[in-house]
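There are 2 protein chains.
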Amino acid sequence: MTPASADTHLRETQVESQQVYKGHFLDVRRDVVRLPNGRTSQREYIVHPGAVMVVPILDDGRLVVERQYRYPLGHVILEFPAGKLDAGEAPLLCGIRELQEETGYSAKEWARAGILHNAIAYSTEGIEVWFARGLSLGERKLDDGEFLDVSIASVAELNLSARRGELTDAKTLIGLNWFQLWVAGAWDVTWQATDMPMAVHGTP
Amino acid sequence: MTPASADTHLRETQVESQQVYKGHFLDVRRDVVRLPNGRTSQREYIVHPGAVMVVPILDDGRLVVERQYRYPLGHVILEFPAGKLDAGEAPLLCGIRELQEETGYSAKEWARAGILHNAIAYSTEGIEVWFARGLSLGERKLDDGEFLDVSIASVAELNLSARRGELTDAKTLIGLNWFQLWVAGAWDVTWQATDMPMAVHGTP
Numbered sequence: 420m421t422p423a424s425a426d427t428h429l430r431e432t433q434v435e436s437q438q439v440y441k442g443h444f445l446d447v448r449r450d451v452v453r454l455p456n457g458r459t460s461q462r463e464y465i466v467h468p469g470a471v472m473v474v475p476i477l478d479d480g481r482l483v484v485e486r487q488y489r490y491p492l493g494h495v496i497l498e499f500p501a502g503k504l505d506a507g508e509a510p511l512l513c514g515i516r517e518l519q520e521e522t523g524y525s526a527k528e529w530a531r532a533g534i535l536h537n538a539i540a541y542s543t544e545g546i547e548v549w550f551a552r553g554l555s556l557g558e559r560k561l562d563d564g565e566f567l568d569v570s571i572a573s574v575a576e577l578n579l580s581a582r583r584g585e586l587t588d589a590k591t592l593i594g595l596n597w598f599q600l601w602v603a604g605a606w607d608v609t610w611q612a613t614d615m616p617m618a619v620h621g622t623p
Numbered sequence: 420m421t422p423a424s425a426d427t428h429l430r431e432t433q434v435e436s437q438q439v440y441k442g443h444f445l446d447v448r449r450d451v452v453r454l455p456n457g458r459t460s461q462r463e464y465i466v467h468p469g470a471v472m473v474v475p476i477l478d479d480g481r482l483v484v485e486r487q488y489r490y491p492l493g494h495v496i497l498e499f500p501a502g503k504l505d506a507g508e509a510p511l512l513c514g515i516r517e518l519q520e521e522t523g524y525s526a527k528e529w530a531r532a533g534i535l536h537n538a539i540a541y542s543t544e545g546i547e548v549w550f551a552r553g554l555s556l557g558e559r560k561l562d563d564g565e566f567l568d569v570s571i572a573s574v575a576e577l578n579l580s581a582r583r584g585e586l587t588d589a590k591t592l593i594g595l596n597w598f599q600l601w602v603a604g605a606w607d608v609t610w611q612a613t614d615m616p617m618a619v620h621g622t623p
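From first to last, the protein sequence lines are chains A and B.
Remember, my numbering sits 419 above the position in the first sequence when you count from 1.
Remember, my numbering sits 419 above the position in the second sequence when you count from 1.
For reference, chain A alone in the conformation it holds in the complex (with noise of 0.2 Å):
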């Protein structure tokens, strides 16, 4: 809406860097920037790889999606199949390994739909947003410690349950309302046929 050369006084810009935790999964960095009036601040974030998020369409037109216990939040999330990208990975190349992984379905044709920014704050994160379709049924390969239900809904059951407020992963709300403008003509994907078994059994 504006030009990105008209942002300098909004700009901050990093002093120094440091990373003050490493785990197995979280990456954390404290930075020192220069705020645009000249002083200095702290901004605490993580640094993540990315993730892909599928929203699998089944032929008659209901979504394939799953139920996992989110610790953090101590429950069940309804949410589309996701996963982060490993070092190097491809986005497509991530989501026709975690929709094979987590649900066993692999898809004829992708479409990248968009992208999403879900904790500007604090993380690095994108998660790229793809369709898929022409969907066959394979066997799943969870990842050891992995345990999720995989199940079937149709788009009214999924747009009740976010009104009921029971579905609130922000990536899943955002590809099914993505999923129903492309139905409806007001999102434009490009497919893209797809078959590379080689490079999905070749992924770790």
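Don't take every hint at face value.
Identical copies look the same in the list; a pair holds intra-copy or inter-copy alike.
SDA-like mimics (lysine to any residue), calculated; alpha carbons at most 20 Å apart, straight line [stated by the list, open to error]:
1. K527 x L579
2. K527 x G553
3. K503 x Q461
4. K560 x L454
5. K503 x T543
6. K560 x L429
No lab work stands behind these hints: they were computed from the structure.
Once you've looked at the hints, dock chain B against the given chain A.
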């Protein structure tokens, strides 16, 4: 969609919990959890106080938005006004406070639209979304070191920004969607009149 009592085969239980980093903003935990199969694993996550986002609705149907530099992403983000809950703060009071501090607007009527969870793998954060209408403009009171531009946009303009991939903030995409569903009669909310200047000004 499925009763919570059916979730025992998915549930993880805390074995121990450790705070591994406590900064100015981030509180990071690493817990040992017992998995459904009896084995243990680790979960790393951020304890977050929760947040409130406001969809500020002008009488002509346009919405008040902000452009703010988000350091983890390295660029300016288009978003609705939002902020973290202070300790013990009611979400509505947080919404009133953040709207006034960041934009200068106060609202005659408020309605809770719902809650979303934006980083279910690694944060306890929930963001309550509130609609605000009957807006009048006063003075804004930015926090020290807070820099942001306030502007006004139509729903059509915001939808176009979303389709172009310029509007990528998850909470804002969801608020924009819920607002349009409400306008279309497909998202029920209950409006309440609010006139609590003391509560607003009395909050730090």
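Status of T543 relative to K503 across identical chains (alpha carbons, at most 20 Å): both (13 Å within a copy, 18 Å between copies)
Within, between, both or neither: K527, L579 at alpha-carbon 20 Å: neither (29 Å within a copy, 29 Å between copies)
20 Å Cα threshold - placement of Q461 relative to K503: between (27 Å within a copy, 17 Å between copies)
Alpha-carbon proximity context of K527 and G553, limit 20 Å: Classified as within: same-chain Cα gap 5 Å, cross-chain 50 Å, threshold 20 Å.
Intra- versus inter-subunit Cα pairing at 20 Å for K560 with L454: between (47 Å within a copy, 17 Å between copies)
Up to 20 Å CA-CA - L429 versus K560, copy category: So K560 and L429 pass the 20 Å test across copies only (16 Å; inside, 46 Å).
Checked against the numbered hints given earlier, the structure breaks only hint 1 and satisfies all the rest.
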